[in-house]
Amino acid sequence: MTSQTRTGGLSRRSFLDLMLAAGAMTAVTAGTGLVPGLRTALAAAGESFHFPQGLASGDPMPDRVVLWTRVEAKDPAAAARPVDLTLHVSETPDFATVVVERTVAARPEHDHTVRVLVDGLRPDRVYHYRFVAPDGAVPEFTGRTRTAPAPDADRTVRLAFVSCQNFEDGFYGAYRTLLKQDAAAGENGIDFVLHLGDQIYETVGDSGARTIPPLPSGGGETKWGKARNALTLEDFRYLYRVYLSDPDYREARARFPFISIWDDHEFVNDYWQSVITYTPAGKSAPTTKTAANQAWFEYIPALLTGTVGVPGVAPAAKDFQPVSVTDVDATHAPVDDDNLLQEPNNLAAIGSLTIYRSLRFGRHVELVLTDTRSYRSDHAVPDELGIAISGQATYMLPLPLVALMDAGRTANGGNPPAVLTLGDRQVPNPRKDSPAGTLLGGPQKAWLKETLVRSDATWKLLATSVPFLPMRVDMARIDPKAQTLVLTADAWDGYLAERRELMGFLRSRGVGNVVSLSGDHHQSFAGLIYDDYEAAEPVPVSMEFSITGVASTPVFQAFAAAVSKDENPLKPLIVADGAVFGRPGTVAEMLNMTLRYGTTASVTAVKTGDLAQGLAARNPAQNPHLRYVDSNSNGFGLVTVDARGTRVELVTVASARRSYGPDGAPVLRTARFDIAPWGEGAPAALDEPAIEGEKPFPLA
1 MTSQTRTGGL
11 SRRSFLDLML
21 AAGAMTAVTA
31 GTGLVPGLRT
41 ALAAAGESFH
51 FPQGLASGDP
61 MPDRVVLWTR
71 VEAKDPAAAA
81 RPVDLTLHVS
91 ETPDFATVVV
101 ERTVAARPEH
111 DHTVRVLVDG
121 LRPDRVYHYR
131 FVAPDGAVPE
141 FTGRTRTAPA
151 PDADRTVRLA
161 FVSCQNFEDG
171 FYGAYRTLLK
181 QDAAAGENGI
191 DFVLHLGDQI
201 YETVGDSGAR
211 TIPPLPSGGG
221 ETKWGKARNA
231 LTLEDFRYLY
241 RVYLSDPDYR
251 EARARFPFIS
261 IWDDHEFVND
271 YWQSVITYTP
281 AGKSAPTTKT
291 AANQAWFEYI
301 PALLTGTVGV
311 PGVAPAAKDF
321 QPVSVTDVDA
331 THAPVDDDNL
341 LQEPNNLAAI
351 GSLTIYRSLR
361 FGRHVELVLT
371 DTRSYRSDHA
381 VPDELGIAIS
391 GQATYMLPLP
401 LVALMDAGRT
411 ANGGNPPAVL
421 TLGDRQVPNP
431 RKDSPAGTLL
441 GGPQKAWLKE
451 TLVRSDATWK
461 LLATSVPFLP
471 MRVDMARIDP
481 KAQTLVLTAD
491 AWDGYLAERR
501 ELMGFLRSRG
511 VGNVVSLSGD
521 HHQSFAGLIY
531 DDYEAAEPVP
541 VSMEFSITGV
551 ASTPVFQAFA
561 AAVSKDENPL
571 KPLIVADGAV
581 FGRPGTVAEM
591 LNMTLRYGTT
601 ASVTAVKTGD
611 LAQGLAARNP
621 AQNPHLRYVD
631 SNSNGFGLVT
641 VDARGTRVEL
651 VTVASARRSY
661 GPDGAPVLRT
671 ARFDIAPWGE
681 GAPAALDEPA
691 IEGEKPFPLA
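The sequence shown stops at residue 700 when you use UniProt numbering, and every number in between is there.
The set of hints was computed from the structure by calculation and includes no laboratory data.
Just so it is clear, the structure is predicted and the values come from calculations on it, not from any experiment.
The C-beta atom is built at its ideal place from N, Cα and C for all residues, glycine as well.
Please note that the accuracy of each hint is not assured.
Quick list of simulated restraints, FRET-style, between CB atoms [claimed, not checked]:
| # | residue 1 | residue 2 | range |
| --- | --- | --- | --- |
| 1 | Ala150 | Gly312 | 42 to 48 Å |
| 2 | Ile389 | Thr608 | 44 to 50 Å |
| 3 | Ala561 | Thr326 | 48 to 54 Å |
| 4 | Gly186 | Gly312 | 37 to 43 Å |
| 5 | Thr211 | Thr326 | 46 to 52 Å |
| 6 | Ala150 | Pro400 | 49 to 55 Å |
| 7 | Thr410 | Ser508 | 39 to 45 Å |
Derived BS3-like pairs (lysine-lysine); straight-line CA-CA distance at most 27 Å [what the hints assert, rightly or not]:
| # | residue 1 | residue 2 |
| --- | --- | --- |
| 8 | Lys565 | Lys481 |
| 9 | Lys695 | Lys571 |
| 10 | Lys283 | Lys223 |
| 11 | Lys565 | Lys223 |
| 12 | Lys481 | Lys449 |
Model the full structure from these sequences, guided by the hints.
Below you can see the structure in the form of C-alpha cells.
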C-alpha cells in the first residue's frame, strides 16, 4: 500500500510517523527491508532473556494487525535497559518465507512490553509471528493471527466472546476448551476473540481457588475483608503479569487475535469515571485511573489511534497519553449536560485513553465497541442511599426509585420531588437538580448512533461490557408491601432513560440486525431488547446475548451463599435441595426460575416439590423478554455470521473452581440460537434455544 493511502484524513505514512514520534507504537510494513532467510540472533554477552507473558495480537483489519509481547532479562542488572527484539512475520508456521523482519525495542518505561503495528498485509490471511531476544530466546508459543476480510468480501465470520476471568476465583479451562474446539474445526475455526472486559480483577486476597501474592504497593482498603485493591501503575502491571501466568490464557492470546474493551475491574469494581466505590461516598482517584489506563494500553494489544471505522464517522479512539493528575475530592462535583464531572484531574484521567471504536469484517459484520465506564454518571441511586435501602449499593433496588432517580431533574415532567418517601422515612432527593443519567456520555452516544446508522454491514454486533437486558425480580407477587426489584442498577437497567433513547432511535431510524454481546453478570442469558420496557406494548428492536465468566464465581453461587445463612426467607427464590424435586445429591438453581418465571413460580415449586405446579404459577409479566437463563455457569460464547443469518451459541463448561489440565473444561451444555435478519421497521424475533447437553434447571 502506498504512502498516499488515506486513513481518517492522514496519509498512511504520516499517520505512522506521528505514532512513532509519540512513542506509542512501533510500526513496520510487510515486504520491505527484508534479508534473505532468517537472521541468526546474536547473544548479548552475559545476558539471557525470556517471555513469561507470551505474545499476542489484536484488532485485525484487512491490511494490518497489532502484535505484542513482553520480555524480561534474567540478569537483574540488565532489567533497566532497553532490549532489542527481532520480529518475524510469515505466512507459514515454519517461517520458510518471511514477510517482515524488523528490530523493535522493548523499553523499561513501558515495562518492556512491545506493541508493533504491522501493515501492508493481505486481507483475510493467516500470519505467523515470533519475537527473538538477543540471545535467541523466543516465546513458548509461535504466534498465529489473521487479518480481517476486505469490507466487500461475502464471507462467513466466526468469533468467540468472553468475559470476567477472576484469577483467584478459578482456572481458565474454558480457554483450553475453546482452543481444542478451534483446532478441530480446521478452516472453519475462530477468526477472533472478543473480550468484553474484566481481563484482570483489581483486588487480591478475596478468593480461594488460586492465590495472588500481595500487591507491590500493599494495595488499598476495600469493602471485602482482607482484599486489597490496586493503586499504582506497578500494581496493575503486576496483575496483568500474574493473570498471564495462566498457560491457557497465554496460548489463547497466541492463537487468536483478541479485540478488547474494558469493564470495571480493570480499574475498580462498579466504578464510574475516576470514582473508586469502596466507600459509600466514593472517592475520585484520577492517579489510579490513569495508572489503570496505562497498564491496559501496555498489556492489551489494540489498534486505537488509526482505527478507520465507518466511512463518514470520525474515529474517536486514541492511544494512551501520559497526563499529570492529582487526586482531589471531586465525587460530588456538579455535572454538565453530558454528565462529565467538571474537575480537570478527573477529565484528564478519563481522557488519557479512548477505546470506543468499530472494526469491519467483510460484507456482513460491523463490530461496534463501546466504553460503558469512563463517561457514565453516578449510579442512579447513589451508593449511600442504595445501601440504606437494600444493604447493597446497586443490587435489588426498587424499580420505581431507580426510574425516578435516573430521570433526575426531568422526572415528573420536569418537577422532581424534593424529598423521597422510603417506608416511614423521608430523605432529600439527591438527584433533583441533576440531568438524566447517562452510561455512554454525550460524545460517545452521538458516535454510536452515527456508526449504527451509517454502517452498511448486514449485521451490527454491538459490544457492551454490561447488559441491556433487564433482570428483575417481581417481589410484589409474594409481598404486597414490596415492589419490583432491579437485579443490578450498575448495568443498563440503572440507566433507563438513555436505554429508552437509544432503542427508540434504532426503531425510529429503522436500524435492524443489531445484536448486542455483553458480559459482567457471571451468568449466561439471552432475550429481546425493547424500545421501552415500561410501555404498554413494547416493541422489540434488538436482541442480546450475555456471556457468563471464564472463571469468575457464577452469580447463582454468590447469591446462594448469601441466602443460605440463617435460613434467609429469600432462599426459595435462589436455591433449593434437589431432593425436593426427586433429585437427591443435586442443587436446584431456583434463581433461574425466579428470573424467568417469577417469585410465585419458585415459591410454589419449592413448597410443593412439583415443578409443574411451579410453572403453572408463573407470572406472565416477569421478564417476558428473556429466552434463556443459566445463572450457575462458566464458559464462553460463539457467533457465526453470514448473509442468511446469525447463530449464537452460549457454551457452559464445568466449574472453573478446578483445573482440567490439557483436556480443557468439559462442555456441559450449548444453547444455540438461530436468528434471521429483520428489515427496516420490522420487529426483532428470538425463539427459545435448542440445547445440546444437560439442560439448566428448571429445564433439565
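Exercise. What are the numbers of the hints that this structure violates, sorted from low to high?
Worked result: 1, 2, 3, 5, 7, 12
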